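Heads up: the sequence lines are chains B and G, in that order. Note that this note's numbering has the first sequence beginning at 1, numbered continuously upward. Note that this note's numbering has the second sequence beginning at 1, numbered continuously upward.
It is worth saying that the hints were derived from the structure and are not from the lab. Be aware that one or more of the hints could be misleading.
[Said to hold, decoys possible] The calculated lysine to aspartate or glutamate pairs, modelled on DMTMM-like cross-linking and capped at a C-alpha distance of 20 Å, are:
hint : chain 1 : residue 1 : chain 2 : residue 2
1    : G       : LYS152    : B       : GLU136
2    : B       : LYS130    : B       : GLU114
3    : B       : LYS71     : G       : GLU74
4    : B       : LYS130    : B       : GLU111
5    : B       : LYS33     : B       : GLU136
6    : B       : LYS130    : G       : GLU74
7    : G       : LYS115    : G       : GLU74
8    : G       : LYS152    : B       : GLU114
9    : B       : LYS71     : B       : GLU111
10   : B       : LYS71     : B       : GLU16
11   : B       : LYS2      : B       : GLU83
12   : B       : LYS2      : B       : GLU111
13   : B       : LYS71     : G       : ASP96
14   : B       : LYS137    : B       : GLU21
[What the hints assert, rightly or not] Examples of chain B residues lying across from chain G (beta carbon under 7 Å, computed):
hint : residue
15   : LYS50
16   : ASN52
17   : ALA98
18   : ILE123
19   : THR124
20   : THR127
In this text, all values refer to a predicted model and were calculated from it rather than measured experimentally. Glycine included, C-beta positions come from ideal geometry on N, C-alpha and C.
Below are the chains, spelled out letter by letter.
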Amino acid sequence: MKLQQSTLLGLYAVLELARTEGGQLSAAEIANKFDVSINHLAKVLRTLVKANQLQAVRGVGGGYRYCGNAKRTTLMAIIELFEPVSLEGFEDRDVAHATDVEAGLALALTEISEMMQATLRSITIRTTLKIIHAWEKQES
Amino acid sequence: MSNQTIMEIAPDIHIRKATKSDLPAIMAFDERSNKEANPNYWQEMFARYGDDLNTQLFLVCESGADIVGFIIGEVRDWEFGSPPCGWVFALGVRPDIRLTGVASRMYATLCGFFKQAGADRVRTMVARQNNDFHSFFRSQGMMAGPYVQLEKEL
């Protein structure tokens, strides 16, 4: 599974803003931190605002604030705002009309796909922040 | 964000070892959660894990006069070559007080017991589709381990 750039940016923005615990950041600050184009990021931020994950703060010193439920929102929920979660190419196959080889392989790939989806559905934004915090602690 | 914060939200609760008289209350809310009564399972669980042994623990959580949660675990030695480790294999919290830190407190108590019993690792197994349990254990810092669970229809 390879996440699209927009999806990754969506995850980065949500996590970066959620870790400020009520604080806000401008699009430029986020773009700068992750070294991405502000135009590309702006589109991603609009999607997140529309999905009630971020709140846009207008005016001088405005920016974005996290307003989702970090304890209930999973990585899967954010990813699905940008792209369907599947093993690339596999879900497009019509297994009922596949050859025996394709059908056998499909069983193995289904297992991988289900594991991946269950994992993404089980990790919340809050849990990811804990992992980031633990990593920071280990690094220092 | 820290475990401390979670614990502050938890109602006034008390965690202790289960006794036989706790079983009706545990069965009642387990039945509400699973939509199915399973008295034989609980009688057997208590018979196996209610004993005062130093490798297994059956805890209940009380809030006032009510039983609001339970957790069961044991230390397993050298299973498939793995050094002794704690296993959590049953956990339940009354639905109306979930997300208040009750499960976190019971889990922490059980992990303390595992540590004292010589284990330096804790494991569990959750159904792939059970998001609540899966998310709970993830929130406690648990991640995929080096073993994969496999099965086959017989």
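Hint-by-hint comparison with the structure:
Between LYS152 (chain G) and GLU136 (chain B), the direct Cα distance comes to roughly 42 Å. Violation of the 20 Å bound is thereby established for this hinted pair. Taking the CA atoms of LYS130 (chain B) and GLU114 (chain B), the gap is near 25 Å; set against the 20 Å cutoff, the hint is violated. Distance hint between LYS71 (chain B) and GLU74 (chain G) is unfulfilled; the C-alpha atoms sit about 29 Å from each other, more than 20 Å. Only pairs whose Cα atoms come within 20 Å are accepted, and LYS130 (chain B) paired with GLU111 (chain B) is rejected, the gap being roughly 28 Å.
For a cut-off of 20 Å, the pair hint linking LYS33 (chain B) to GLU136 (chain B) stands: about 16 Å separates their Cα positions. With a CA separation close to 27 Å, the supplied pair LYS130 (chain B) and GLU74 (chain G) exceeds the 20 Å bound. For a cut-off of 20 Å, the pair hint linking LYS115 (chain G) to GLU74 (chain G) stands: about 11 Å separates their Cα positions. The straight-line distance between the Cα atoms of LYS152 (chain G) and GLU114 (chain B) is roughly 17 Å, inside the 20 Å bound, and the hint therefore holds.
Of the pairs offered as hints, the one joining LYS71 (chain B) and GLU111 (chain B) is violated, with about 27 Å between alpha carbons and a cut-off of 20 Å exceeded. Proposed proximity of LYS71 (chain B) and GLU16 (chain B) is supported: the alpha carbons are some 15 Å apart, at most 20 Å. A C-alpha spacing of about 11 Å is found between LYS2 (chain B) and GLU83 (chain B), which places the hinted pair at or below 20 Å, so the restraint holds. Our distance criterion of 20 Å between C-alpha atoms is met by LYS2 (chain B) and GLU111 (chain B), whose separation comes to about 17 Å.
A distance of roughly 17 Å separates the Cα atoms of LYS71 (chain B) and ASP96 (chain G); the hinted pair therefore holds under the 20 Å criterion. As the CA atoms of LYS137 (chain B) and GLU21 (chain B) are separated by approximately 18 Å, the hinted pair is consistent with the 20 Å bound. Violation of the interface hint for LYS50 (chain B) is found here, the shortest Cβ-Cβ separation to chain G being roughly 24 Å, above the 7 Å cut-off. About 20 Å separates the beta-carbon of ASN52 (chain B) from the nearest beta-carbon of chain G, more than 7 Å, and the hint is not met.
Annotation: interface hint on ALA98 (chain B) violated; nearest CB of chain G at approximately 22 Å, more than 7 Å. With a least beta-carbon distance of about 5 Å to chain G, the hint placing ILE123 (chain B) at the interface is held under the 7 Å criterion. Contact between THR124 (chain B) and chain G, as hinted, is supported at the beta carbon level, the nearest pair being about 6 Å apart and thus within 7 Å. The interface hint given for THR127 (chain B) is met, as the beta carbon of that residue sits about 5 Å from the closest beta carbon of chain G, less than 7 Å.
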